[in-house]
Amino acid sequence: MVETVKQAAASAQGAPYLRIANVVKKFGDTTAVDGVDLDIRKNEIFALLGSSGCGKSTLLRMLAGMERPTSGKIILDGEDITALAPYDRPINMMFQSYALFPHMSVADNIAFGLKQDKMPKGEIDARVAEMLDLVQMRKYANRKPYQLSGGQQQRVALARSLAKRPKLLLLDEPLGALDKKLRQQTQLELVNTLEQVGVTCIMVTHDQEEAMTMATRIGIMSEGQLLQIGSPAEIYDYPNCRFTAEFIGDTNMFAGPVVVDEPDSVEIDSPELGSRIHIDHGITGPKGMQVWASIRPEDVHLDVVPQAAGPNVARGQVHDIAYLGSFSVYHVKLASGKVVKSMVAANHWHENSITPPTWGDTVYVSWRPDMPVVLTR
Amino acid sequence: MNLARLMRRLKPGKGAVIAVPFFWLLLFFLVPFFIVLKISFAEQDLAIPPFTSLLQVEDGVLQSLTLYFGNFHFIFTDGLYAATYLSSLKVAFFTTVMCLLLGYPIAYAIARADPARRNVLLMLVMLPFWTSFLLRVYAWMGLLNETGLINNFLLSIGLISEPLHLFHNDFSLYLVMVYAYLPFMILPLFSHLVKMDMRLLEAAADLGAGPIKAFLTITLPLSKNGIIAGSMMVFIPAVGEFVIPELVGGTDTLMIGKVLWNEFFDNNNWPMASAVAIIMVLMLIVPIALLHRYETRELEGKGNA
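As they're listed, the protein sequences go chains A and B. Residue numbering for the first sequence follows UniProt numbering, starting at 1 and increasing by one per position. Residue numbering for the second sequence follows UniProt numbering, starting at 1 and increasing by one per position.
In case anyone wonders, no lab produced these hints; they're calculated from the structure. None of the hints are false.
The calculated BS3-like cross-link candidates involving lysine-lysine, where the alpha carbons are at most 25 Å apart (straight line), are:
#: 1; chain 1: B; residue 1: LYS90; chain 2: B; residue 2: LYS258
#: 2; chain 1: A; residue 1: LYS139; chain 2: A; residue 2: LYS121
#: 3; chain 1: B; residue 1: LYS224; chain 2: B; residue 2: LYS90
#: 4; chain 1: B; residue 1: LYS213; chain 2: A; residue 2: LYS167
#: 5; chain 1: A; residue 1: LYS167; chain 2: A; residue 2: LYS42
#: 6; chain 1: A; residue 1: LYS167; chain 2: A; residue 2: LYS73
#: 7; chain 1: B; residue 1: LYS195; chain 2: B; residue 2: LYS224
#: 8; chain 1: B; residue 1: LYS213; chain 2: A; residue 2: LYS121
#: 9; chain 1: B; residue 1: LYS224; chain 2: A; residue 2: LYS115
#: 10; chain 1: A; residue 1: LYS144; chain 2: B; residue 2: LYS224
#: 11; chain 1: A; residue 1: LYS167; chain 2: A; residue 2: LYS118
#: 12; chain 1: A; residue 1: LYS118; chain 2: B; residue 2: LYS213
#: 13; chain 1: A; residue 1: LYS181; chain 2: A; residue 2: LYS139
#: 14; chain 1: A; residue 1: LYS144; chain 2: B; residue 2: LYS213
#: 15; chain 1: A; residue 1: LYS115; chain 2: B; residue 2: LYS213
#: 16; chain 1: A; residue 1: LYS144; chain 2: B; residue 2: LYS195
Please take these sequences and the hints and turn them into a complete structure.
Structure below.
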C-alpha cells in the first residue's frame, strides 16, 4: 500500500500541468483544506471524492479563484495563479446548479465568456456554433434556460465552460442535479466530450460510481486532507487506510494485533472473527501492532457444508439476505455478533446444485489468504 | 402537469378566494369610478348635489339622457390643463428617476447585507410609515423654512449671512417627493435583488466578467422587473400627488392634484373635477395595462418550465 502511493507520486513526476502545493484554507477556527499537495497531468480527468464537508468544494473554489488560500501555492502551466481574480484565470467551471443566466438564450450563455475576451463577433458565432454541435444543442440555440430539461441545461453549462478553451476545467458535482438513470447515461457522454476536446479537468463529487466511471485518477478527501491518490482500480484494490476502504465500495473490516510476522506472510488475531486471519503477503510493522484487515464482500465465500476450522474461516448464521438481481448479499452473523457480508452470484447455487441457504441457516464464510488488505491506519 | 391537475381540483375554493378581493375592487374602485365618470358628463348646478342629472325621469318613465361634453371640451381647449398634466407627469417622472437612482444602491446594499442585519435595515426603511404622512411633510416645513432648523443652524455657525431660499420651490418639492416615495421604490427592488442567485455572479466572474461588467450584464437585467414595479409604485401616486406640492411646492408648481382640489372645493365644480380625474386615470391606466400584459406574458413563459 505504501508502494501504491509511491507509484502514484512517481507517475506524476513528469512536469505536472497543475501543481497544488501545500494549500491550506481556514475559515475562522475551522480548517477546511489542510495542507493539500496534488499534481495533475495534462488532459487528465481527476476526481476529488469525499463526503460533504470534506473540503473538496473549497479546494475547487480556490482553483476557480472564488476563495483565496490561507497559505500554499497553485501553479498552472508554469504560472503562479494563487492570487489571480477569478475573471483573470484561464480556468472555467461548470457549476453544480449550472448557474445559467436565466435572461439569456442558450447561444448568449455560451457566448458570454467569449464576449468578455473582446473576441470579434464572427469568431464568437463560429465558436458558439462549434460548442452547440459538440453538445448537440444546435436546435435549442435560441431557447431560454428555463425552457430546457435538466439534462439539456447540463449540456449548455458544459458548452459554456468549454467555450473559452480553458487550460483547466472544473466540474462541481457535474451530474448531481440529474436523476439516477439520466446520470449513468450522461457520465460516459460527458467523458467522451471531454476527451474529444482534450481538456485537463478536475471534478468534485461525492458519488463514488461517478468518480470511478469518469476519472483517470481519484483523490480521496476527508477532513480537509487528501488520503489517497490513484487510479480507480488502485484505490479499490489497494486502499491505504480504513476510510478509503470503507468509502469506496463495501468491505468487511476486522481489527486485531499482528501475532505472526513472517517475511512473506502475517497472521492477525481477530477476536471478532473467532480465529486468525492469515495473509500471504508481508507488511512492514512490528509484531503486536494493531492493524485492520479489509476483505471485500465479493471475496468472501459462502458454504453450507462445514469447513475445517482454521484461519480465514468462521461459522455463522444467515442474518439477512439482500437480493440484488444478478447477485445477492448475505449478511452472516458470527458468534461474536459481528456481521460479515458475502456477495454471491445469482447462479452460484444452481450451478453447484446446492439449495440456497436461508434465514437462520448455519453457514461458513471463508476467503483466500491473498484477499485481505492489511491497513495500518 | 401536476400543478395543472392541482389547480383544477382546487377550482371551487379558488373561485371563492378570488371573489373576495375581486368584490372589494368592484365595490371600492370600479363603482366609484363609474360614479365619477357619470358626474364628469354633467353640468355644474346650484343644487344638492351640485350637478345636473343625466337622466330625465318623469312618472317613472325615462324621458331623455343628456351627456354634457363641455367639461372635456374645456380641458382640451384650455392650455392650462394640458400644461398641468404635462407638469404633473414631469414632476412624477423626475421623482421616479431620482428615487430609482437613490433607491437602487440602498436596496442593493440591504439585499447583500448580512441576513441578520437585513431585517433591521428594512425596518429602518419602513419606520417612517409609523408616523403620519402629513406630520412628516409638516416636519420638512419646519426644517426648510426661512426661520427653520437648517437655516437657523447655518446662520448660527456663520456659514451664510442670509437665510437660504429652500422652501416653496422645486428644490423643496422634489426633496419631499423623493423622501416620501423612496420606500415604495426600495421595497420592490429589494425583494427582487434578494432572491437573485449569487452563483450567477460567480459564474459571470468565472467567465471573465469583472464586478462592474457582471453588474451591468447580470444583476441589472435580472432586477428589471423590480425596477419596473418600483417605478410604477412611485410614478402612479406621484402624478396625482396633492399634499406635497400644496404644502412645500412653489406657488407656480402646476400639479393636477391641486387643480382637482381647486375645482372641487374652491369652485365647487364637481363635474369639472370629475372630468379632470377621469383623464388622469385614463392616462395612468394605459401604461399599467401594457405593463400587466407584458408581465403576464413573462409569467406564462416561465410557467412552462
